[in-house]
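S.K.: Model the placement of chain B on the given structure of chain A, informed by the hints.
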Amino acid sequence: AQTVTQSQPEMSVQEAETVTLSCTYDTSESDYYLFWYKQPPSRQMILVIRQEAYKQQNATENRFSVNFQKAAKSFSLKISDSQLGDAAMYFCAYRSARGWDRDDKIIFGKGTRLHILP
Amino acid sequence: GAGVSQSPRYKVAKRGQDVALRCDPISGHVSLFWYQQALGQGPEFLTYFQNEAQLDKSGLPSDRFFAERPEGSVSTLKIQRTQQEDSAVYLCASSLVQFATNEKLFFGSGTQLSVL
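For the record, the sequence lines run as chains A and B.
According to this note's numbering, the first sequence is numbered sequentially starting from 1.
According to this note's numbering, the second sequence is numbered sequentially starting from 119.
Next up, chain B with everything else stripped away, as it sits in the complex:
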């Protein structure tokens, strides 16, 4: 597609339920980022992939959060045993090359997760 695609756009989960959020980056983009944006806040970094390698997962808030990008394209963010504090918009972004230059970052429209 022409842009970064995320699905689902909205997800409602019961507390304790597992969820999986999908990100389709722009074709050919090497770098992929996940951010968490709580209501009324700025995005907070979760994790970064370069192709299939997860180079930085320092922002994942707990071991209930897991991200993968097995073939270096589509990425999935999985949250196990969801808690109310996990409610947020999860943004995915990608860039063409390793994000070590002045490369532009393209964002998706995010998945809004509500945990009841």
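Only chain A is shown next, with the shape it has when bound in the complex:
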């Protein structure tokens, strides 16, 4: 079974600085998707960034970028120029790309709470 591990329960960063959130995962599959979701106090999960495992190029979305190391099964999120609105829980997540069946559900890590210091 696939697992997702986030080893940093909480992190803090100074406003305008850069922070990196870590994520490792375990799978025997070769094709899959990886995600970072943001969950603010409103509880609504917001997709931050998505990476297809078959793509070697790291995904970027404005101030958000990932460092995808497939061999190491590592998927870290870098937030540049941190803003107060970035404060939230961040979840790393995995989904198989085989097609929907009971093994294709999104699997989430336990999350990292990010604090932005003014």
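Hints are computed from structural coordinates only; laboratory data are not their basis.
For each residue, glycine too, the CB sits at the ideal point set by N, CA and C.
Incorrect hints may have been included.
List time: in silico DSBU-like cross-link candidates among lysine-lysine, alpha-carbon distance up to 35 Å [stated by the list, open to error]:
| # | chain 1 | residue 1 | chain 2 | residue 2 |
| --- | --- | --- | --- | --- |
| 1 | A | Lys78 | A | Lys55 |
| 2 | B | Lys175 | A | Lys70 |
| 3 | B | Lys175 | B | Lys222 |
| 4 | A | Lys110 | B | Lys175 |
| 5 | A | Lys73 | B | Lys222 |
Pulled from the structure, derived: some chain A residues nowhere near chain B, Cβ distances all over 12 Å [unchecked claim]:
| # | residue |
| --- | --- |
| 6 | Glu17 |
| 7 | Ser22 |
| 8 | Gln39 |
Restraint ranges, calculated between C-beta atoms of paired labels, are given here [to be verified]:
| # | chain 1 | residue 1 | chain 2 | residue 2 | range |
| --- | --- | --- | --- | --- | --- |
| 9 | A | Ser28 | B | Ser125 | 38 to 46 Å |
| 10 | A | Pro41 | B | Val192 | 24 to 32 Å |
| 11 | A | Ser28 | B | Ser176 | 14 to 22 Å |
| 12 | B | Gln172 | A | Pro41 | 16 to 24 Å |
| 13 | A | Gln2 | B | Asn169 | 24 to 32 Å |
| 14 | B | Ser176 | A | Glu52 | 20 to 28 Å |
| 15 | B | Ser123 | A | Asp26 | 33 to 41 Å |
| 16 | A | Ser28 | B | Val148 | 24 to 32 Å |
| 17 | A | Asp81 | B | Phe184 | 44 to 52 Å |
| 18 | A | Gln56 | B | Ala120 | 30 to 38 Å |
| 19 | B | Ala138 | A | Ala16 | 44 to 52 Å |
M.R.: What follows is chain B alone, placed relative to chain A:
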């Protein structure tokens, strides 16, 4: 509506009481998921619907949990004889097509259930 709507936003139940949680997905969305998120944890998969068909209920923790989506739109998650360990946020998510492609998943704001 423009997004996934869940109601009620908060629910307090006495232990042993039955509860029903509602999810209104985005209009036209085929796939619907329920997740359970305990305090300080990541969401855990409960069940999945494609239209009205419940294709996967492997995450339902016990036979006290029951989900339905009779007309392929609104879904209800029912918990019978609630226990304290059922206290959690219940998240609903939907996507436009069968979630077998790189389709985006839209989440609601969840129902926070507290069992006293």
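S.K.: Now tell me, hint by hint, if it's right for this structure.
M.R.: Going down the list of hints, with the structure as the test:
1. A:Lys78 <-> A:Lys55: Satisfied, since the Cα-Cα distance of roughly 18 Å is no more than 35 Å.
2. B:Lys175 <-> A:Lys70: holds, 31 Å
3. B:Lys175 <-> B:Lys222: holds, 21 Å
4. A:Lys110 <-> B:Lys175: holds, 22 Å
5. A:Lys73 <-> B:Lys222: holds, 23 Å
6. Glu17: holds, 26 Å
7. Ser22: It holds; Ser22 (chain A) is separated from chain B by about 15 Å at its closest Cβ, greater than 12 Å.
8. Gln39: violated, 9 Å
9. A:Ser28 <-> B:Ser125: 38 to 46 Å: For Ser125 (chain B) against Ser28 (chain A), whose Cβ atoms are near 40 Å apart, the range 38 to 46 Å holds.
10. A:Pro41 <-> B:Val192: 24 to 32 Å: holds, 26 Å
11. A:Ser28 <-> B:Ser176: 14 to 22 Å: Because 19 Å falls inside the window, the suggested range holds.
12. B:Gln172 <-> A:Pro41: 16 to 24 Å: violated, 31 Å
13. A:Gln2 <-> B:Asn169: 24 to 32 Å: holds, 26 Å
14. B:Ser176 <-> A:Glu52: 20 to 28 Å: holds, 25 Å
15. B:Ser123 <-> A:Asp26: 33 to 41 Å: holds, 35 Å
16. A:Ser28 <-> B:Val148: 24 to 32 Å: holds, 29 Å
17. A:Asp81 <-> B:Phe184: 44 to 52 Å: holds, 47 Å
18. A:Gln56 <-> B:Ala120: 30 to 38 Å: Given range 30 to 38 Å: holds, Cβ gap about 36 Å.
19. B:Ala138 <-> A:Ala16: 44 to 52 Å: For Ala16 (chain A) against Ala138 (chain B), whose Cβ atoms are near 46 Å apart, the range 44 to 52 Å holds.
Going through the hint list in order, the structure does not satisfy hints 8 and 12.
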